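Asks: What follows is each chain in one-letter form.
Number of protein chains: 2
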Amino acid sequence: MRRTPVLRSDQLTARYGVRLWMKAENLQRGGSFKLRGALLAVDRLAARGSRGVLAQSTGNHAIAVALAARRHRLPAVLVVPTDISAVKVRRIRETGAEVMFAGTTLAERVAAVLQLRDRHRYDVVDPYEDPSVVVGQGTATAELIEQVAAEGGRLDAVVIPIGGGSAVAGACLAAHPHGVAVVGAEPEAVPAFTAALRAGEPVSVAASYTIADGLRPDRIGDLPFALAQHGVAAVVTVDEPGIVDAMRALFLHAGLTVEPAAATALAGAAQYAAGRGVDVGVLLSGGNVEPELLASLLSDTGAATPADSPAGYIPWTDVPWGSHS
Amino acid sequence: MRRTPVLRSDQLTARYGVRLWMKAENLQRGGSFKLRGALLAVDRLAARGSRGVLAQSTGNHAIAVALAARRHRLPAVLVVPTDISAVKVRRIRETGAEVMFAGTTLAERVAAVLQLRDRHRYDVVDPYEDPSVVVGQGTATAELIEQVAAEGGRLDAVVIPIGGGSAVAGACLAAHPHGVAVVGAEPEAVPAFTAALRAGEPVSVAASYTIADGLRPDRIGDLPFALAQHGVAAVVTVDEPGIVDAMRALFLHAGLTVEPAAATALAGAAQYAAGRGVDVGVLLSGGNVEPELLASLLSDTGAATPADSPAGYIPWTDVPWGSHS
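Note that the protein sequences, when read in sequence, are chains A and B. Mapping of the first sequence onto this note's numbering: position 6 corresponds to residue 6, and the numbering continues sequentially without gaps. Mapping of the second sequence onto this note's numbering: position 38 corresponds to residue 38, and the numbering continues sequentially without gaps.
Simulated from the structure, these hints should not be mistaken for laboratory data. Mixed in with the good hints, there may be bad ones.
As the list claims (entries may be wrong) - Label pairs and their in silico Cβ distance ranges: (1) B/10 x A/188: 35 to 43 angstroms; (2) A/48 x B/275: 37 to 45 angstroms; (3) B/129 x A/3: 39 to 47 angstroms; (4) B/153 x A/129: 33 to 41 angstroms; (5) A/121 x B/2: 49 to 57 angstroms; (6) B/188 x A/17: 56 to 64 angstroms; (7) A/276 x B/3: 23 to 31 angstroms; (8) B/43 x A/44: 48 to 56 angstroms; (9) A/233 x B/83: 47 to 55 angstroms.
Please read all numbers here as calculations on a predicted model, not as lab measurements. By construction, the Cβ of each residue, glycine as well, lies at the ideal position given by its N, Cα and C atoms.
Bound conformation, chain A alone:
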């Protein structure tokens, strides 16, 4: 695991009116913060003599479990959705692990995992219900708070993207002792945490399409919800143009290429704190973005004639969703 840097950007800070401290987990091994939880969980399973590991994921947890399994020379089977991004499939396969595709919903993947568990007698590394995973994910926030303090800063809040909920739950554990508020950011298209808060328990939501492939789980895990329900200070929902705009802004103004889930956190930070001049940490959760998706966003920015645009202004135009449409 790497201690990833915390990055600043004057231009983004000026653009949003928020002092941003971005934890660059897009530069983490495996391309996302998910390695943190997977390593902790798989290390424990390996120590107990595991025969192999099995996990379902939208992609990044699968990459992370595959990497952690390789470290212990354990076989691994990863169940992913058919609409997974190709770069994530490649990263899993590069480790030597096996990929299985199962529908597009969480329920379909979970059913496939249960079948495979019976067949292989492998241990399941659940991305949401395994306490080791949740605690591991929290170390990204713990490091972020520590790194900001080392530079003489102090965070008012951290903003965490919400998929299945392990990141935000881990962040609550890590931020609580420091008195730093935890804010969740989820796509308007898949408001699973907002719905769970309303219902008082995890519920499956009717999900519409989101570009943020990592945030497509349509239901929050039970353990993450139990930990985060009273731990989060706020949850903001981000619409699709907002996600794309943040992804472009990160590229154009900070030179960072992140996946849409990470951009969702930045957009959420802007919505939560815009103009308040506070210090906000943002978990740039991952960088496993499809080159073609990024290319289509960049081709569309109108940045070829930047001199004609007001400084810092990025025109919004419709984005072709490519193979996801």
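With chain A held as given, fit chain B onto it using these hints.
Replies: Okay, now just chain B, sitting in the frame of chain A:
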């Protein structure tokens, strides 16, 4: 100025057979390491009561001088080539400084600067002949050596891209006390340093087109050459496919978007040390890349079918040069 992070990548290290330590000056204020020299030089001029500053540059030194001038509320005029990348023009103008276009050669820009100096009585911040600039650029290498040591490593060499020569000259000053070899990397299309070494003095070379807009100066500065002539351990020339391949590899395997000059350094590191398993620092000099250029490179990678390619292999295909062709 920021203390930029030093980044590692298992995938690039495996790909090239070199333990890479990449100094991410693409994340520096202004998008390149050039701020280091410009700040030192402009701070000194401001302390002496300068009326304003003036500089010629392929782009990054101009951005840096403009930022440094704004810090002291000094007016600034920057002379740049007509084939400068649009993103660099935008970054200069965002500071409030004035941009003047003058041909495409170093000689044309220098002539324009002399005219403007007589007209405005501004101080010239020369990107090559000003000792403050050269010393400032060297701090990137000094930090890199220090940061690697802090992680328990030790560099065998640092690889520095060569444009006008201030970066490599500064690196020689910084690396000498540590016994770290300095290797220059320049485009085969503009082999100004190689030619100077052969001639025993700076000479203008017949330059052909290079994608590396920051490395287009067709002549090494006198001061940089004097400092680097005996200081560099080797100079490698990188062809255009090699620059593009490194730029793609940085994006696809390390999640980094850099400008072609920075990719030239990585390609040079690979050429210099491939398979030798040594520790090599690479100055990722800047990140001011045209979104359209990056988009065209990414669209062309064949990465849509990564599962069909051997792991880590990026097929080479012809790259449309866009407006530069």
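Asks: Compare the structure with each hint and give your call.
Replies: Here's how the hints hold up against the structure:
1. B/10 x A/188: 35 to 43 angstroms: Taking Cβ atoms as reference, residue 10 of chain B and residue 188 of chain A lie about 36 angstroms apart, which means the hint holds.
2. A/48 x B/275: 37 to 45 angstroms: 40 angstroms, holds
3. B/129 x A/3: 39 to 47 angstroms: 40 angstroms, holds
4. B/153 x A/129: 33 to 41 angstroms: Between residue 153 of chain B and residue 129 of chain A, where Cβ atoms are some 39 angstroms apart, the hint holds.
5. A/121 x B/2: 49 to 57 angstroms: Taking Cβ atoms as reference, residue 121 of chain A and residue 2 of chain B lie about 51 angstroms apart, which means the hint holds.
6. B/188 x A/17: 56 to 64 angstroms: 46 angstroms, violated
7. A/276 x B/3: 23 to 31 angstroms: 27 angstroms, holds
8. B/43 x A/44: 48 to 56 angstroms: The hinted range 48 to 56 angstroms holds for residue 43 of chain B and residue 44 of chain A, with Cβ atoms some 54 angstroms apart.
9. A/233 x B/83: 47 to 55 angstroms: 50 angstroms, holds
The structure fails hint 6 only (numbered hints given earlier).
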